[in-house]
Structure formats: structure tokens, C-alpha cells
Amino acid sequence: MSQSYNRGLIEDFSRWKEFSAGMWAWIFHKFTGWMLIGYLFTHIAVLSSAIAAADGQTMMLAGEEVNAYTGTLQGLESLFIVRVLEVGLLAVAVFHILNGIRLLMVDLGVGLTAQDKSFYASLVLTGIITVASVPTFMAGVGL
Amino acid sequence: MAERYSSFTTGGTAWFLQRVTAAFLIVVLAFHFFLLHFVNHASEITFAGTQARMENIGYFLTMVLFLIAGAFHGVNGVYNALVNQGLSGTPKKVVLAVLVIAAGLLIVQGVWVALVMRGMI
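Taken in sequence, the protein lines are chains A and B.
Taking our numbering, the leading residue of the first sequence gets 3, the next gets one more, and so forth.
Taking our numbering, the leading residue of the second sequence gets 49, the next gets one more, and so forth.
Hints are computed from structural coordinates only; laboratory data are not their basis.
Glycine residues also receive a C-beta, built at the ideal position from the N, C-alpha and C atoms.
Misleading hints may appear alongside valid ones.
Below 25 Å or equal to it, Euclidean Cα-Cα: the simulated BS3-like pairs (lysine-lysine) are [as the list claims (entries may be wrong)]:
#1 B/K140 with A/K32
#2 A/K119 with A/K32
#3 A/K32 with A/K19
#4 B/K141 with A/K32
#5 A/K19 with A/K119
Sample of chain B residues at the chain A side, in silico, Cβ under 10 Å [to be verified]:
#6 A100
#7 N104
#8 G125
To give a feel for the contact side, a few chain A residues facing chain B, derived at Cβ under 10 Å [stated by the list, open to error]:
#9 S16
#10 A55
#11 E66
#12 E67
#13 I83
#14 L106
#15 Q117
#16 F139
#17 V143
#18 G144
Looking at chain A on its own, in the form it has when it is part of the complex (with noise of 0.2 Å):
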């Protein structure tokens, strides 16, 4: 059943011309398994004001004393740039999540023959899941 392909360099990107479905849906799982990853240290550096919240240690936030967990995080997310770097941490999200139940699908030998519908799928839907958070994400910051 195995069977190999000589499938060139890959990463030449020099053809990406010549992609297939499959190959740009490894390439997409590649790029936003690094944002993830990126992401995730951010996260936990971010939470880590909690130490310094548990420890007592107050700041200022639109003109109010706050802890210094809710100051960082209600501070960020009063920055309009922020909050369009969270929608695309959401897009990246979704299209893992949704490429990755392809790729374990693929693993399970499931819908093989539609292995490239389901990648335009997961876009297709990472899109609509995306614009649809956009109110939810975006709701009382301004410019």
C-alpha cells in the first residue's frame, strides 16, 4: 500500500507554482505550528503578572489602581493592535485545529480521495469562523 513519490525539494519555494492541495496544506500546518508555538511562550509570559499580582503588586490603568495581572491584561487588550494580532492568532488557531482533524483523518485512512476538498474546507471555514469573531473580538476598543 505504501508507495514512495519523488517529490523534488519541497522546500523550494521557487515552485510553489507547481503546490498541490496537499502540499500547501503541509506548508499552512508548518507555518501556524510556529505561530502557536511562538504564541504560547507570549501566553505564558504574559500570565506570568499573576506572580506579581499574588505578591501584592498593584499599577495604573485609565486612571484607577488595579493588580498587576488585570493591569497587564486589561492594558493590552485596550490596544486596538492587539486585538487584530488576537484575530489572526484565532485564524491560525482555527486552521490548525480544522487541518489538524484533516490530517488525523488522513492518518486513519479516512476520505483519502478527498484529502484536497477537505483542505479547501478547512480554509473555507477557518475564513467564516474568523470574520464571525471579528464583533466578538474587536467589541469596545477603538483607534
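Place chain B on chain A using the hints.
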């Protein structure tokens, strides 16, 4: 049969654990996004609210497992992607050591933060 693209050698332990953590992460990552963006809006998160959530032992353990699974899945993914791109020899060993240390520090820091949020430290 359709062409198959993966950075992993099928059937290995790294491959298998990547799939097991993937199945767990699919559910918990979706739950995490839903809870902290739609049920509780990210901009309204407070230390008191986080402490209240972390008081629930099930939630606390899920978040700790989420961190461990995420750190492993991410670092294992990065390592296999690099090996797949041709990383070998001493650089491969150095990269593996750096990634293991980075993931270890991330987990230690994250668990420390989680324990503080739960009021246990």
C-alpha cells in the same frame, strides 16, 4: 493513492504522541478560545476571575495538562519540521537539547503561574 506530506516518520513514538496530544489539544484549545473570548471576554478578565476559575480542580488540571500537551506538541512539531528540512549531526543534537530545555522551562513557569492563580503558592 493521494500524495502524503508530513514532517514525521509514520509509526514512530514522536509521530504517535504528536497524534495523541493533537486529539486532546483540538478539544481543549477550542474550549479555551470559547471560554476566554466568547463566554468571558478577554478584555474583561481580572485576577479575581482567573482565581475563581482555577479554584475548580478539574479546570486547573485541564489547564496544566493543556500546557504540557501544548508544549510537547509544539516543540516536537518544530523539531520534526527541522529534521525533515535536513537538520542532522551535531546541530540536530544541539537543537534537540535547546528545545527540550525551552519546553521544560515553559512548563515549569506555566505550572508555577497556575499554582499561584490557584492560591497554592
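Hint check results:
1. B/K140 with A/K32: OK: B/K140 and A/K32 at ~19 Å, within 25 Å.
2. A/K119 with A/K32: 19 Å, holds
3. A/K32 with A/K19: 19 Å, holds
4. B/K141 with A/K32: 21 Å, holds
5. A/K19 with A/K119: 19 Å, holds
6. A100: Status violated, d = 13 Å.
7. N104: Violated, because the Cβ-Cβ distance from B/N104 to chain A comes to roughly 16 Å (cut-off 10 Å).
8. G125: Since chain A brings a Cβ to about 5 Å from B/G125, closer than 10 Å, the hint holds.
9. S16: Not OK, violated: A/S16 not within 10 Å of chain B, min 16 Å.
10. A55: 5 Å, holds
11. E66: 12 Å, violated
12. E67: 13 Å, violated
13. I83: At about 14 Å, which exceeds the 10 Å cut-off, the nearest Cβ of chain B leaves the hint on A/I83 violated.
14. L106: Holds. Min distance 6 Å.
15. Q117: This hint holds: A/Q117 lies near chain B, its Cβ roughly 5 Å from the closest one there, short of 10 Å.
16. F139: Holds, because the Cβ-Cβ distance from A/F139 to chain B comes to roughly 7 Å (cut-off 10 Å).
17. V143: 7 Å, holds
18. G144: Nearest chain B Cβ about 12 Å off; hint violated.
Checked against the numbered hints above, the structure breaks hints 6, 7, 9, 11, 12, 13 and 18 and satisfies the rest.
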